[in-house]
Structures are given as structure tokens and as C-alpha cells.
Amino acid sequence: MALYRITPAARGMQWLKAAIGMVDRNPRGLLMVSLAFIIIGQLPSLFGSLQQLAELLMFVVLMIGPALAGGLMHAIAEAEAGRPVSLGQLFEAFRRPGRLLPMLVLGMLTVLALLLLVFAAEKVLGPDNIALLVKIGSQQLQPDEATMEQLAQPLLRFLMLATVIAFVLFTGLFFAVPRVLFDGRPPLAAFLESFAACAANVLPLTVYGLAFVALMFVAVLVFAVLSLLLGLLGKLGAALGFVLYLAWLTLVVLVSTSGNYLAWRDVFGHTQSDPAVPHHTGIEV
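Each residue of the sequence shown is one higher than the last, beginning at 1 in the working numbering.
Hints were generated in silico from the structure; no laboratory data involved. C-beta atoms are modelled at their ideal positions from N, C-alpha and C, and glycine is treated no differently. A couple of the hints might just be wrong.
Now the in silico label distances, taken between C-beta atoms and shown as ranges [claimed, not checked]:
1) E145 x A189: 20 to 28 Å
2) R95 x E122: 38 to 46 Å
3) L50 x E145: 16 to 24 Å
4) L232 x A10: 37 to 45 Å
5) I130 x A247: 29 to 37 Å
Please build the complete structure, drawing on both the sequences and the hints.
What follows is the structure, encoded as C-alpha cells:
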């Protein structure tokens, strides 16, 4: 029997509403942990001029990414339970016995997915088309009609393949991260269970995803208008725009991770939030 619940479509909207409301549980603490999560993720870009160091940092960030995502969920669970939130909770997977290695296995799956994307790009696009895309992206080349026709078909095939790879990774990790951290499940088993749980709850997850995308679309429009207005202020406006962008991104990370946490808690039958006590099974249906 399945260890997860099949929830109605309306639950997706409830997850999003509750995720937005989660910010009020402990705004200062949760926003601080979310911001730290973002900063760690951006570390490789700070060393772009040092390619080898940037690549090493990217590998490390990808490897510990699921562990940090689980730590953010732990902070959310603490806030929901009315307990204090601290920056150290972001590293909960590093401190909780038996959790770091399984989380690193999930991180390795992320690295493998990235390597698969690189391999797919080389095979589907080819080195010549990749070189063209690099030149276009760096504005060294203005593409003409012939160049676009050359790139169109292989680029479309690669984007379709990349979408499939990203979907498989996202679906597998969606419930796997909280299952490993809170439920103590083995990483590969949790990854496969996440597929099954997502497939069984495709309706509420679709509602949640569409509502979240619609909310982000409105937020992007508002952000774009504010950025244009701030652009009139010159350097001061640019600085304020960056702060505004960082605040927006922090909220996006917090709300999306809260939705992920709430979906896990609902689908796997956890009615009380107590991250200090690992759960080992869900509710059989």
C-alpha cells in the first residue's frame, strides 16, 4: 500500500495560500535563512574570473543544495511550530545524525543531471552551434536569418530534452528532500517515492504550480515597472533596484519552499510539525 495520500485538486491552492501566510510566522528569521540560502547559491558567480575556483564552488553548491533546501524547510517547520528560527537551522542536515550522506546522494543526482545536460548539448547542438550560441549570448555576433535557421531545429530539440531532464530531477527531489530529512528515508527510495507521490497528486500539484506561476508573473510585472521608475534615479536607483530584486527573490524562495514543505506534510500524512523527531512512514491509503 502507498505511503502517501492522494489529495484533491483544491489542496494546491490551499498550499499556496498557506505558503504565503508562512512569512508571517517569523518574518525576520525566515527571510534571514532564505537570504543566506540565496547567497550561498550565488557564491560561484562571485568568482567568475577564476574559472577553476568557480567550477569547484558550483560543484560544491550543487552537492549541498538539497541539504540546504532541507535546512530551509526545517526552519519553516520550526516557525510553523512557534519555535525560534536561527541561521544555523539552514545546516540542519549537517547536524542531524544520518542525514548528510543521503542528502549528498541527492546532490549527486543533481550533478549527474547537469552533466547529462552538457552531454545532450554536445550531441544535439554540436560544437559549431554551441560556439554560435556563445557568441550570440556574449553579443560578439548579431544573428542573421541564415544563422537562426541553422540553430532553430537543434536548439528546439535540446530545449525539449533539457525540459524532460529538469522535470525528472525536480519531480524526484520535490518530496525526496523532506522525506530524507524529516522521515529518514534512503535517498534513492525517496527519489522514486517522490515520482509516485507526484503522479498520484498531479491535480493539486498542477493547481499549485499554475497558481504560483500566475503569482510570479504578476510580481515580475510589478517589479519591472518599479525597476523602470528606479532607473530614473541613476546609480541610486540601480542600487535600490538590486535591493528590491534581492528582496523579491528571497520571498520567492521562502514561499516556494514553504509550499514544498506543506505539500510534503499533507501528502505524507504529517498533521503536526515536529522536525526534531524523524518520521519513518507515511499514512497508508
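Verification of the supplied hints:
1. Taking 20 to 28 Å as the suggested C-beta distance range, the pair E145 and A189 does not conform, at roughly 51 Å.
2. Take R95 and E122: their Cβ atoms lie about 40 Å apart, and the range 38 to 46 Å holds.
3. Range check, L50 to E145: about 39 Å between beta-carbon atoms, so the 16 to 24 Å window is missed.
4. At about 44 Å, the CB distance of L232 to A10 agrees with the hint of 37 to 45 Å.
5. Checked against the hint of 29 to 37 Å, the pair I130 and A247 passes, with Cβ atoms roughly 36 Å apart.
The earlier numbered hints that this structure contradicts are 1, 3.
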